[in-house]
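Colleague: Which chain is which? The protein sequence lines are E and R, in order. Per my numbering, the first sequence runs over residues 1 to 109. Per my numbering, the second sequence runs over residues 1 to 113.
Be aware that a few hints might be false.
[As the list claims (entries may be wrong)] Straight line, CA to CA, 25 Å or less: simulated DSS-like cross-link-like pairs of lysine-lysine: (1) R:K70 <-> E:K26; (2) E:K101 <-> E:K56; (3) E:K70 <-> E:K56; (4) E:K101 <-> E:K69; (5) E:K101 <-> R:K57; (6) E:K26 <-> E:K69.
These are computed hints drawn from the structure, not numbers from a lab.
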Amino acid sequence: SQQGEEDPQALSIQEGENATMNCSYKTSINNLQWYRQNSGRGLVHLILIRSNEREKHSGRLRVTLDTSKKSSSLLITASRAADTASYFCAPSGNTPLVFGKGTRLSVIA
Amino acid sequence: DAGITQSPRYKITETGRQVTLMCHQTWSHSYMFWYRQDLGHGLRLIYYSAAADITDKGEVPDGYVVSRSKTENFPLTLESATRSQTSVYFCASSLTGVDYEQYFGPGTRLTVT
């Protein structure tokens with residue numbers, strides 16, 4: 001399976017600061033996805049980065065992928081209280097996604 | 001445009017009873033998935049389906065049954081509910097494949113007493 005492991009498990013920052021969370025995985029992949037889950041809700045897809053891409057942006061999100069190190073990072077710039085959520089990475093390669101336990105981000109106003 | 005819906009949203013049942021959780025999507029996505037989410041375990045895949053009448057086991061299929069007679073529906077049945085099946089259940093769908101973008105439903109919180 002392609003399970004990713006997010007780090008840190010929990011992160012607390014002030015509003016306006018940047019938040020960085022990391023994902024490591026063990027096998028080769030076709031792409032890697034990041035999802036957000038607000039408390040009590042279903043996951044929401046944020047961004048997909050393909051294995052031949054190194055960096056991708058979407059609004060305040062910046063994702064990097066280093067296939068040689070088998071790692072990815074998600075940067076949220078200028079965080080807002082509404083960014084408070086759990087974030088999951090899902091490395092994938094022709095098999096069903098396997099979600100880790102996520103990083104729980106708290107943005108304090 | 002409803003997207004993906006789950007029903008019921010909350011359910012309390014007794015040990016040994018049969019329970020069916022419903023999932024319906026309006027996008028005609030080929031792929032559909034059932035996950036359970038428990039504290040300390042994250043999301044775990046129960047079953048998935050690549051098309052009508054095609055289903056496959058995920059990581060934790062024991063005690064669950066699925067069917068997919070229509071593309072838009074993917075019900076999950078607990079044949080004889082156990083307390084260990086108390087969980088939040090999420091249905092998801094994907095247009096393109098098992099490893100591409102998934103759209104999640106709002107979840108069903110199931111309590112087995």
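Colleague: Would you mind marking each hint as holding or not holding in the structure?
Modeller: Here is what the structure says about each hint:
Between K70 (chain R) and K26 (chain E), the direct Cα distance comes to roughly 36 Å. Violation of the 25 Å bound is thereby established for this hinted pair. For the proposed pair K101 (chain E) and K56 (chain E), the alpha carbon gap of about 23 Å is at most 25 Å, so the pair holds. The straight-line distance between the Cα atoms of K70 (chain E) and K56 (chain E) is roughly 16 Å, inside the 25 Å bound, and the hint therefore holds. Between K101 (chain E) and K69 (chain E) the alpha-carbon distance is near 21 Å, which keeps this suggested pair within the 25 Å criterion.
The hinted pair formed by K101 (chain E) and K57 (chain R) meets the criterion: a straight-line CA distance of about 21 Å does not exceed 25 Å. A distance of roughly 9 Å separates the Cα atoms of K26 (chain E) and K69 (chain E); the hinted pair therefore holds under the 25 Å criterion.
Figure legend: structure checked against the earlier numbered hints; the only hint not met is number 1.
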